[in-house]
Amino acid sequence: MKQNKMLKKADKIYLLLLIFGLILFAFSTKIVLLVTGRNLDKKQIDISIMSPDIVHTIDQISDPEGLFKEVFVRGWAFNKSYQKSSKRYVTVIFRNEDFSYEILAEMGPRADVTNNLQEYDLSQNDIGFSFTFSIIAMQDGVYEMLIKAWEENGTPEIASTQRFFKVDKVTFTEVTDEIGHNLGPEE
Amino acid sequence: MIHYNVIVTERVYQSVLEKAMTKLRKNQYKKKAPVILNLLASLPVALLPFVYFLSRNISQLSLVDIFLTLGIVSLHWLIISVVCLIILRDFSKASLVTSIVIIPISGFRVGLNFINRFLPVFFYWHGLILMLLFFGTLCYLIHRFIKNESVAKINLIIGAVFLFLIIYNGVPMAYKLVRDWKPQNKQVNSISVEQKDAENLPNIYFFIFDEYSGPEGLERYYNFYNQKFYKNLTDLGFNVSLTSRSHSLLTKEEIPNLLNLFSDATGNTIMTKDSMLKNPVLFNILKDLGYDFNLINDKSFITTPDSFFKYNFESHGFYQVDESLLTLLVDKSLYYPVRHVTRGQRLIELHEAFNYAVESSTFQESNLFTLAYFMFPHGPFVVDEFGNDLDLSNYRNWKDPNIFLGQLKYANKLILKTVEEIQKNDPQSVIILMADHGSRRIFQFYLNAEIEIENYELEVYYTRNILNAVYLYGEEIDIEGYSGVNTLRIVLDRLFSLNLGLIDETK
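Line by line, the protein sequences are chains L and F. Numbering-wise (numbering that gives the first Met the number 0), the first sequence opens with residue 0 and increments by one. Numbering-wise (numbering that gives the first Met the number 0), the second sequence opens with residue 0 and increments by one.
Pairs of lysine to aspartate or glutamate, EDC-like flavour, derived with a Cα cap of 20 Å:
hint: 1; chain 1: L; residue 1: K165; chain 2: F; residue 2: D390
hint: 2; chain 1: F; residue 1: K416; chain 2: L; residue 2: D111
hint: 3; chain 1: F; residue 1: K331; chain 2: L; residue 2: E64
Derived DEER-like restraints, expressed as beta-carbon distance ranges:
hint: 4; chain 1: F; residue 1: F66; chain 2: L; residue 2: S85; range: 55 to 61 Å
hint: 5; chain 1: L; residue 1: I12; chain 2: F; residue 2: L176; range: 50 to 56 Å
hint: 6; chain 1: L; residue 1: I48; chain 2: F; residue 2: R395; range: 45 to 51 Å
Rather than coming from a laboratory, the hints here were simulated on the basis of the structure. As the structure is a prediction and not an experimental result, all values here were calculated from the model. C-beta atoms are modelled at their ideal positions from N, C-alpha and C, and glycine is treated no differently.
With these hints in hand, go ahead and build the complete structure from the sequences.
If you want it as structure tokens, here you go:
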């Protein structure tokens, strides 16, 4: 009788652990993204006014790589009202029809840009930017890529890169037509 | 009478006790033997992947690699067995669970890739949680529902089956090893020299760049003319050869050739390579002359004992060596994320190695021989000509010729920057830039059965065209057309009047 009770207790513990494991399994992706700091929150960002004053280029967008299917993006950007002494920030926005994701980029030097755009009197140290993000953290859909740039204490300005990307499960592809022109979601 | 009875009783008692003890010992022995057998039954399961990959790659592996991997695989088995034993508190059941879980652990990534074909959003952590659930369920079921006698029988069957599989995979390999063992014990020639005054010995930097093609190879396979690089080298006072050739297309053959100043290393296995690098002729000559040694050892390819080197630099992390049995097994297992290559990691390693090469020119004013082996511009392809990281998808991309070419052009920049810095710090030095063989792009396609080669010898001829340049403290020296080995002999003869002469290059 006592043994039976013991066995029932063991069964209960096993069942509890099994249920816990299955719940963990179901929410594991979200948990992993949160724990590793790769989670992306959906935001509503006002992009009604686009600024013509951001000069920018995206040099490199990698394929999704590694355990977290991370995409690496590298480029440069600055406002035309560039102030050498100010600290600069860039975020990249992936805009869907209903929501957006915003990712803060890390700033770095770009001597090549500084040398080629001497009319802006740029500093070498803060023109370039790069960031990685996990496409696992993004909902499937087509996104427009926007750049938001601002200087410390300044007003952020947003410009479209005119590039659109499709996230489908674990693929991240640029939406282009047959001859390689970038297409928006409507086209 | 009473006394006699007591003695008899004592004797009978002793005899009974002895018999009982003997029986107990026999029973204990009988019990112990199956326990050990049961426990060891899971070991062949753990060792099978090791034996399988060992048998298929034996010629590419060093003894250190084999024993290190064997040790780690055995330790892994032991840890899992102990964990199972702590949970189940029974040797037989612990062994059975170990046997069952060690298979999915060893082939985790293979299984994950298979599932990803149908379910791309099944990630590593899903597999890991399922593995843990499977492990827990297995422990529970075996603990609750399977009798010890049945477990023991199952263990012995599993052990026997996997032992058979190990023998099946291992015997042909062992036969091959025994058959090929004799010619592998290659003797290296020795040359004796007189010691010189250490202060008068110039520092020598011998840099080997794996897969760096000479101009003929680059023109033929990439339609690329590398004159600018050669012009920069000659401007820096280098003597260059545009038509030098290696003796072999394989690093494991050519580096022993170079370091032994002969061309004997044909048909080398990695073990033969290791034995030929144990005490190489070049090092012995330089040691006798009074040189100290400095090693830059990318990917641990140079296996000469550490005792040779006064200074030493390894460029990579423990799990980042590309071609080893251990990393091959890790890549397929649950632990593959430890091998996860992050963007730019390899490039950082290379930059560190080049920086160390420059730093080496400040170590000693004289009598230092620096040997640097760079697995570069050899793959993995990680950088474009401007120094930008490449996507990991280009790691093995031979199809696009610009990938290798970009890495070679970036190698040019690093090489020129390095030699300029060395010359600045150490102008009276000798710098030898050499490749072990040229780019083997055409043979990559051939081995993948993507192309047919019409004239094999001709392609070997062009692929053997190598980078070969020597800076002899600004002096001229004729190395045009000489192989790497003969270039080294010419330089040594010029520096130390050793009368080494040349070897026959037609072999």
